[in-house]
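Chemist: Next come the chains, spelled out residue by residue.
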Amino acid sequence: MNRMSVKKILVGLAGVCVVLGLLPQLTDSPYMMHLLVMSCINIMLGLSFSLLFSAGLVTIGAAGFWAIGAYTSALLVTRLDFSYWAALPLSGLAAAFVALVVGLVIVRTPGVAFIIQTMVINMILVQVFGHFEVFGSWAGILDIPSPNPIGPLVFTGKVGSCYLVIVLLLLNILAFYALYTSRVGRAWSAIRLNARLAETLGVDLFRYRLAAFMISSAGAGLAGSFYAHYFQSLEPGMFSVFKSIYVQIYSILGGLNFYIAGPVLGSLIMTFVPEFLRVSKEIEPIVTGAILVGLVIFLPGGILSLPERMRSFPVPFLRRKKETRFS
Amino acid sequence: MPIAYCLLPIAYCLLLSEFGSPDMTTELFAQLLVNGLSIGLIYVLVASGLILLLGVVRIFNFAHGEFYMLGAYITFGCCEVLHLPFFLSIAIAIVLVTLLALFCYRFIFHYIRGDILLCTAASIGLSMMLLRGALLGFGTQERGLHPPFKGAVGVGQVNLPIEKVVAILLCLAVMFGLYYLLMRTKLGKAMRAVKLDNEVASLQGINTNRIYLIAFGAGCALAALAGGIIAPVFSITPSMGHSLLLNCFMALVVGGMQSMVGGIVGGLVVGLTLSFGMYYVGGLTEILLFAVIGIIIVFKPGGLFGEPEEHE
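The listed protein sequences derive, respectively, from chains R and H. Each residue of the first sequence is one higher than the last, beginning at 374 in the numbering used here. Each residue of the second sequence is one higher than the last, beginning at 41 in the numbering used here.
Because the hints were derived from the structure by calculation, they are not lab data. Ideal Cβ positions, reconstructed from N, Cα and C, are used throughout, including at glycine. A portion of the hints provided could be inaccurate.
[Stated by the list, open to error] Label-pair restraints from in silico Cβ distances:
id, chain 1, residue 1, chain 2, residue 2, range
1, R, 615, H, 65, 40 to 48 angstroms
2, H, 236, R, 473, 32 to 40 angstroms
3, R, 572, H, 232, 23 to 31 angstroms
4, R, 556, H, 216, 53 to 61 angstroms
5, H, 192, R, 610, 37 to 45 angstroms
6, H, 121, R, 655, 55 to 63 angstroms
7, R, 566, H, 128, 37 to 45 angstroms
8, R, 511, H, 216, 53 to 61 angstroms
9, R, 504, H, 216, 57 to 65 angstroms
10, H, 237, R, 378, 37 to 45 angstroms
[Stated by the list, open to error] Selected chain H positions facing chain R (Cβ under 7 angstroms, derived; list incomplete):
id, residue
11, 148
12, 168
13, 169
14, 289
15, 293
16, 337
17, 338
18, 339
19, 340
Work out the full structure, taking the sequences as your base and the hints as a guide.
Modeler: See the structure below:
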């Protein structure tokens, strides 16, 4: 990474900040703002999926750690009267801690076993949240207050929530970007490309994978904390395995090899396009499923791989590159 | 040897009942055992199909539960609407679902074979389409097949519901058939060769594409068969496949994903735990199951009969 590209990226980031900062001003409708907030939350979840993918692990349990963040934050604020600003980092820490405990066991078996185990953990978490009275059982937690105001800044309405989630998202992206460009990120991509070779170069597979699992869970936990206070009520059904599957779709749609831009684009499309098409809830899963299948067959590198594809246009689209290979 | 492994879950459920309340009678124990075995063997069938796909074709099929659901619906339709005999209905269900599965394989998975993540994603998409299609086509109400067999079997002083006993016997027969297919026939040998190393297998003159197709069809046929067997025992809903598949995943986590033995033991452990747990702890059963799974993967990260894959 030379100096020039760092400067370019900084300029780009500043541009993104300005655009995102103006975005809530563009529209008056609370509906659009709600969609914007939801897509930002989805982006944070997609980023956590991609972070784990960058280390060669695939999770179908993102929603479980999202739930841990949401429940930690909601319980701390409603039962123990914490300030939101204390509960936010604590919920990230709680998700990372659970990931540490669970990961000590499951990160040892990467591959298909890891996919299934994360999925089972997601189901366990939903059951645990539903069964015990402490977590509000199946009825969930109601009346979660909005984030406390800081001086003149209030975060009660849609606009306030919008700005708050954009700030959180940018912090999230910056942190993950810093990780990807650092030694850790290079170690992760080495593991993804060839685990055995990476190990001979002195990369401790277990520790780096565990770190990736914890960091990605912490990211999902932070998103959950915001979600709890934005939505103001929680129930275990929101965090089912289906949500984790959707998170996976966000990253695949955008492009798996684009760890940051991929989830951003994918989540925006998956949040806004079904709403604009006015697809009825009845057939929405059919459309989503068809999109997923078509995408996987015709464009396995995701939407962001299109420019590269177009460059070699006469080559039929069905001839695939083995770039996103996972095994 | 596999039969010896099958005795393990029986010992396990004896263990479960030992720690229970003192009012456990032989009758109750037998009822719980038959309940657990019948649902456990259904898990075994579906999990064996999953393991076959995973081992030979390297596809992790999320649409398996939907094939199972379709199998149950087609059996129901043939029995109740067309008034065909029960076993003929199951045969029709297997043929139709296998055709659908082969179609899906040829037009979806054939192009992305070998890339587990993409195959998983595609099968999730397929599962979403089939599930919602079934919801729209069949409606949400529960359907029940009139049991083709009525009455109870008396074993000593214990009376057991006959449809569950038939389900158990059918599942056992199918498992032995599968064992014979994989271990004693040339086709089974070819499948095992492809599982070990597909490139070397194709060097030996095995048509790997054909083997993939057959293995995919066989795995989905097992799911359809399980659906047909379960149709007279439980109510039929479009979401039945989804809940079953989640339990089968747990069976895979318990047993391991490399061998059929893992699927058998895992399926029986999950089924028996659910059956006995429902009696002892009621609503907390799933938590009990998760505790069992947690203990197992702490000590055997790859499952009871699986080797942990350090370098995937």
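Chemist: Are the hints correct? Go through all of them and say.
Modeler: Right, here's what the structure says about each hint:
Separation of residue 615 (chain R) from residue 65 (chain H) is about 42 angstroms and conforms to the stated range, judged on CB atoms against 40 to 48 angstroms. The hinted range of 32 to 40 angstroms is satisfied by residue 236 (chain H) and residue 473 (chain R), whose Cβ atoms lie roughly 37 angstroms apart. In this structure the supplied range 23 to 31 angstroms holds for residue 572 (chain R) paired with residue 232 (chain H), their Cβ-Cβ distance being about 30 angstroms. At about 55 angstroms, the beta-carbon gap between residue 556 (chain R) and residue 216 (chain H) stays in the expected band of 53 to 61 angstroms.
For residue 192 (chain H) paired with residue 610 (chain R), a C-beta distance near 39 angstroms keeps the hint of 37 to 45 angstroms intact. With their beta carbons about 25 angstroms apart, residue 121 (chain H) and residue 655 (chain R) fall outside the hinted range of 55 to 63 angstroms. For the hinted restraint 37 to 45 angstroms between residue 566 (chain R) and residue 128 (chain H), the CB-CB distance of approximately 53 angstroms leaves it violated. Taking 53 to 61 angstroms as the suggested C-beta distance range, the pair residue 511 (chain R) and residue 216 (chain H) does not conform, at roughly 42 angstroms.
For the pair residue 504 (chain R) and residue 216 (chain H), the supplied restraint of 57 to 65 angstroms is violated, since their beta-carbon distance comes to about 39 angstroms. Checked against the given bound of 37 to 45 angstroms, the beta carbons of residue 237 (chain H) and residue 378 (chain R), roughly 43 angstroms apart, stay inside it. For residue 148 (chain H), the interface hint holds, since its Cβ comes within 7 angstroms of a Cβ in chain R; the closest pair sits about 6 angstroms apart. Taking 7 angstroms as the C-beta cut-off, the interface hint given for residue 168 (chain H) holds, the closest approach to chain R being about 4 angstroms.
Given the 7 angstroms rule on beta carbons, the hint for residue 169 (chain H) holds: about 4 angstroms separates it from the nearest Cβ of chain R. Because the closest C-beta pair between residue 289 (chain H) and chain R is about 5 angstroms apart, less than 7 angstroms, the hint holds. Below 7 angstroms, beta-carbon pairs count as interface contacts, and residue 293 (chain H) has one with chain R at about 6 angstroms; its hint therefore holds. Among the interface hints, the one on residue 337 (chain H) holds; its C-beta lies about 6 angstroms from the nearest C-beta in chain R, closer than the 7 angstroms criterion.
The interface hint given for residue 338 (chain H) is met, as the beta carbon of that residue sits about 6 angstroms from the closest beta carbon of chain R, less than 7 angstroms. A distance limit of 7 angstroms between C-beta atoms decides the matter here; for residue 339 (chain H) the minimum to chain R is near 9 angstroms, and the interface restraint is violated. Interface hint at residue 340 (chain H): violated, since its Cβ lies 10 angstroms from the closest Cβ of chain R, which is beyond the 7 angstroms cut-off.
In the structure shown, a violation is registered for the earlier hints numbered 6, 7, 8, 9, 18 and 19, in ascending order.
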